[in-house]
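S.K.: Sequence:
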Amino acid sequence: RTMEIYKNKIWVGYSTESAISVYSPTTGECIQRIVIPAPKEKGIECMKSALDLVWVLTEEGSNRIIIVHGEAGGVVKQIEHRSCRSCPISLAKDDTYMYCGDNDGWISIWDYRTLIKYHEINIGAPSVNNLCIMDERLWFSSFRQIGFVDLLNKNYNVVIEMEERHTSRISSILCVPFTQQVWTGSRDGTISVWQTKEDGKIERVMMTKPTYGDTRINSMIQYRGHVLISINNVISIWDPTTLVRKPDLQAVRTDAENVFQTILQIDLTSSDDNFSKNNTKSVN
1 RTMEIYKNKI
11 WVGYSTESAI
21 SVYSPTTGEC
31 IQRIVIPAPK
41 EKGIECMKSA
51 LDLVWVLTEE
61 GSNRIIIVHG
71 EAGGVVKQIE
81 HRSCRSCPIS
91 LAKDDTYMYC
101 GDNDGWISIW
111 DYRTLIKYHE
121 INIGAPSVNN
131 LCIMDERLWF
141 SSFRQIGFVD
151 LLNKNYNVVI
161 EMEERHTSRI
171 SSILCVPFTQ
181 QVWTGSRDGT
191 ISVWQTKEDG
201 KIERVMMTKP
211 TYGDTRINSM
221 IQYRGHVLIS
231 INNVISIWDP
241 TTLVRKPDLQ
251 AVRTDAENVF
261 QTILQIDLTS
271 SDDNFSKNNT
281 KSVN
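Quick note, the sequence shown lines up with residues 1 to 284 if you use my numbering.
Bear in mind the hints are in silico, worked out from the structure with no lab data behind them. Incorrect hints may appear among the rest.
As the list claims (entries may be wrong) - Lysine-lysine pairs mimicking DSS-like chemistry, simulated, CA-CA at most 25 Å apart:
hint	residue 1	residue 2
1	Lys-93	Lys-9
2	Lys-9	Lys-77
3	Lys-77	Lys-93
4	Lys-154	Lys-201
5	Lys-209	Lys-154
6	Lys-93	Lys-154
7	Lys-42	Lys-9
8	Lys-246	Lys-201
9	Lys-93	Lys-201
10	Lys-93	Lys-42
11	Lys-246	Lys-209
12	Lys-154	Lys-197
13	Lys-154	Lys-117
14	Lys-117	Lys-93
15	Lys-117	Lys-209
16	Lys-7	Lys-77
Kindly produce the complete structure, drawing on both the sequences and the hints.
M.R.: Structure representation (structure tokens):
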């Protein structure tokens, strides 16, 4: 369901159980397993590290934010969220605060040094499904819409794009600072790239749907100056500066060692011709 990098270790949260596995990226070995205090049928929704702690959200139905020590793996604290119906489902972080979105359209701001809530923002939309931060703007998705909160303005003005939308819920959002872009992926299989115009409005500069049939966009990450998008059993690779798509990587289920070693060895700086030759291994 979700991954987080903490001090060169890969934390993996599963959708089928309330546990986290910690892997070495060099050997692929599972070096630690952390059980989260939640019902067994509730998987891990989201994770984000800050200082020596990792913030963990479980699936819908729990109003707690669980703070785990990154080294020892034990639960340090459980923070009660707004109410039982306001399940926290997304996280983002800047230099001072942790931002937590919930199913009622609220974003809670926490000081991750003191673990004290600083403020709450109502975005005026049904829920906050995904969060990311770029240039003092906290970007969010809510079902088929995207928008941002102006973090420089202490009134926390909210801008929501209402006109151009995906036809299904946005499942992933990614900020790419060096190109000033926000990438969104949807359950309808479409990918959009957004930028902010001078008047502050959000403009879509690209929308495409990779030809993989009736599929959904699962997740997106930045890696070596490229955007990697997982779509079922395919990793789609894009150059965000040119919006050009590179040859895909076919994914198969394999052992963790091959997965992590292959990802580390990908040469995304090569030409398109060499790219497909140099990246023939399968990754999960």
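S.K.: Next step is simple, just say for each hint if it's right about the structure.
M.R.: Hints versus structure:
Between Lys-93 and Lys-9, the direct Cα distance comes to roughly 19 Å. Compliance with the 25 Å bound is thereby established for this hinted pair. Distance hint between Lys-9 and Lys-77 is fulfilled; the C-alpha atoms sit about 22 Å from each other, no more than 25 Å. Restraint check for Lys-77 and Lys-93: satisfied, since their Cα atoms lie roughly 18 Å apart, inside the 25 Å limit. Taken as a hint, the Lys-154 and Lys-201 pair is honoured in the structure, with Cα atoms around 19 Å apart against an allowance of 25 Å.
For the hint pairing Lys-209 with Lys-154, the CA-to-CA distance comes to about 38 Å; that exceeds 25 Å, so the pair is violated. For the hint pairing Lys-93 with Lys-154, the CA-to-CA distance comes to about 17 Å; that is within 25 Å, so the pair holds. The suggested pairing of Lys-42 with Lys-9 holds, with an alpha-carbon distance near 24 Å, which does not exceed 25 Å. Using a Cα cut-off of 25 Å, the hinted pair Lys-246 and Lys-201 is violated, with the two alpha carbons roughly 30 Å apart.
Between Lys-93 and Lys-201 the alpha-carbon distance is near 23 Å, which keeps this suggested pair within the 25 Å criterion. For the proposed pair Lys-93 and Lys-42, the alpha carbon gap of about 24 Å is at most 25 Å, so the pair holds. Restraint check: the Cα-Cα separation between Lys-246 and Lys-209 comes to about 14 Å, which is no more than 25 Å; the hinted pair holds. For a cut-off of 25 Å, the pair hint linking Lys-154 to Lys-197 stands: about 22 Å separates their Cα positions.
Restraint check for Lys-154 and Lys-117: satisfied, since their Cα atoms lie roughly 15 Å apart, inside the 25 Å limit. Between the alpha carbons of Lys-117 and Lys-93 the distance comes to roughly 14 Å, so the proposed pair stays at or under 25 Å and holds. Proposed proximity of Lys-117 and Lys-209 is contradicted: the alpha carbons are some 40 Å apart, above 25 Å. About 21 Å separates the Cα atoms of Lys-7 and Lys-77, which keeps this hinted pair within 25 Å; it holds.
Checked against the numbered hints listed earlier, the structure breaks hints 5, 8 and 15; every other hint is satisfied.
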